[in-house]
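From first to last, the protein sequence lines stand for chains A and B. Positions in the first sequence are counted from 1; adding 581 to them yields my numbering. Positions in the second sequence are counted from 1; adding 49 to them yields my numbering.
Wrong hints could be hidden among the right ones.
Claimed, not checked - Straight line, CA to CA, 20 Å or less: simulated EDC-like cross-link-like pairs of lysine to aspartate or glutamate: (1) Lys-645/A with Glu-93/B; (2) Lys-79/B with Asp-649/A; (3) Lys-645/A with Asp-111/B; (4) Lys-637/A with Asp-622/A; (5) Lys-52/B with Glu-694/A; (6) Lys-52/B with Asp-649/A; (7) Lys-613/A with Asp-691/A; (8) Lys-637/A with Glu-88/B; (9) Lys-645/A with Glu-88/B; (10) Lys-89/B with Glu-694/A; (11) Lys-637/A with Asp-691/A.
Hints listed in this document are in silico derivations from the structure and should not be mistaken for laboratory results.
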Amino acid sequence: MSFLNSYIYYIGAFGLILIGLYIMLVKHNLIKVIVGLGILDTGVNLFLISVGYITKGTAPIFSKPGIDSQQMVDPVPQALVLTAIVIGVAVLALALSLAIRLYQHYRTLDLREIKEQRW
Amino acid sequence: MRKIVSILLLIIVAFGIIRALVEIPFGTLKTEVGRYYIEKGVEETGAVNIVTSVVVNYRAFDTLGEIVVLFIAAIGLGAVLRTGREKKTRDVQPASLILFTGCRFLFPFILILGIYIFIHGHLTPGGGFQGGAIIASGFLLIYLGCKERRISRVASHIAESLGGLVFLGIGLLGLVFGSYFLFNFLPMGTANTLFSAGVIPIIYIAIGFKVGSELAGILDNLIEES
């Protein structure tokens, strides 16, 4: 139980990363691949945040005097993830726009027919 | 065949990640620099929100890069989607009265919430990126509910360019008044008040405008041109 308590966020992030990778590798529908990319992105963000966590930690904000700075979580991964979320949204939007163009050209979203690959 | 190969590949990746994760203990502070930012952040930058002081002061150059990435993604989306061909007019069903009225009623409040969040970025959890995303969600609501309303592209481009130019201009002013790019040249003020932390609120307001107008432009492109 203590193992689960101490590693539950890692397991969750790790699971999301693997699910996203699996979707991107296996699925043929381009929209599903993009959804997999989004899930992978979420997993990486969750992993970075959970690396910076401190047990019973508080947000790194000195909102009122007398807050114990020893209990504050690491601000560096939070700052990284903060921008990574917005960048992730922009990248997803770019990928979706490419999917729209591909659909208008090929009239299908199936990657096997778009790339004409066989494996 | 493809599934088996993928699952084998995933098992290899999973093994590697597990081996790495076991070495990282959960719930302890790992970086020296994080501790330094927490100890010295308030007196060096004047912002009580340490995440903000990292994003906009210590690593402001990084943030400038991230904004450029966002900008390039928005440009790429526009370049891919806008072909200049004649669009087929789709017959659009008007939204119901409840949705229409709800959108028009909620939109100013969503804008105010977004602006509040990016103005108070150095005091409360929040900042330019989050506030900009909230503003863009307000525009998404307008696009879903009131289909005949459109944001003016000129106004969105002006807001976007102004945001970027203000960020760059403040960075260059830091070079003039101080010693390096993005130097915090304004007075710190007393911590935990609205007018404190020097250039941080100004930069975050610029980021808020830029992110908000850029995400709204992305939504506009995706809805209009597809």
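We went through each hint and held it up to the structure:
For the given pair, Lys-645/A sits about 18 Å from Glu-93/B by alpha-carbon distance, which is consistent with the 20 Å threshold. Distance check on the hinted pair: Lys-79/B and Asp-649/A sit about 18 Å apart at the alpha-carbon level, within 20 Å; holds. Simply put, Lys-645/A and Asp-111/B have alpha-carbon atoms about 29 Å apart, too far for the 20 Å limit, and the pair is violated. The suggested pairing of Lys-637/A with Asp-622/A is violated, with an alpha-carbon distance near 26 Å, which exceeds 20 Å.
At roughly 18 Å between alpha-carbon atoms, Lys-52/B and Glu-694/A fall within 20 Å of each other, so this suggested pair holds. The straight-line distance between the Cα atoms of Lys-52/B and Asp-649/A is roughly 51 Å, outside the 20 Å bound, and the hint therefore fails. For the hint linking Lys-613/A to Asp-691/A, the alpha-carbon distance of about 10 Å falls within 20 Å, and the restraint holds. At roughly 19 Å between alpha-carbon atoms, Lys-637/A and Glu-88/B fall within 20 Å of each other, so this suggested pair holds.
Simply put, Lys-645/A and Glu-88/B have alpha-carbon atoms about 15 Å apart, close enough for the 20 Å limit, and the pair holds. Restraint check: the Cα-Cα separation between Lys-89/B and Glu-694/A comes to about 57 Å, which exceeds 20 Å; the hinted pair is violated. Distance hint between Lys-637/A and Asp-691/A is unfulfilled; the C-alpha atoms sit about 47 Å from each other, more than 20 Å.
Hint compliance for this structure: hints 3, 4, 6, 10 and 11 are broken, all remaining hints hold.
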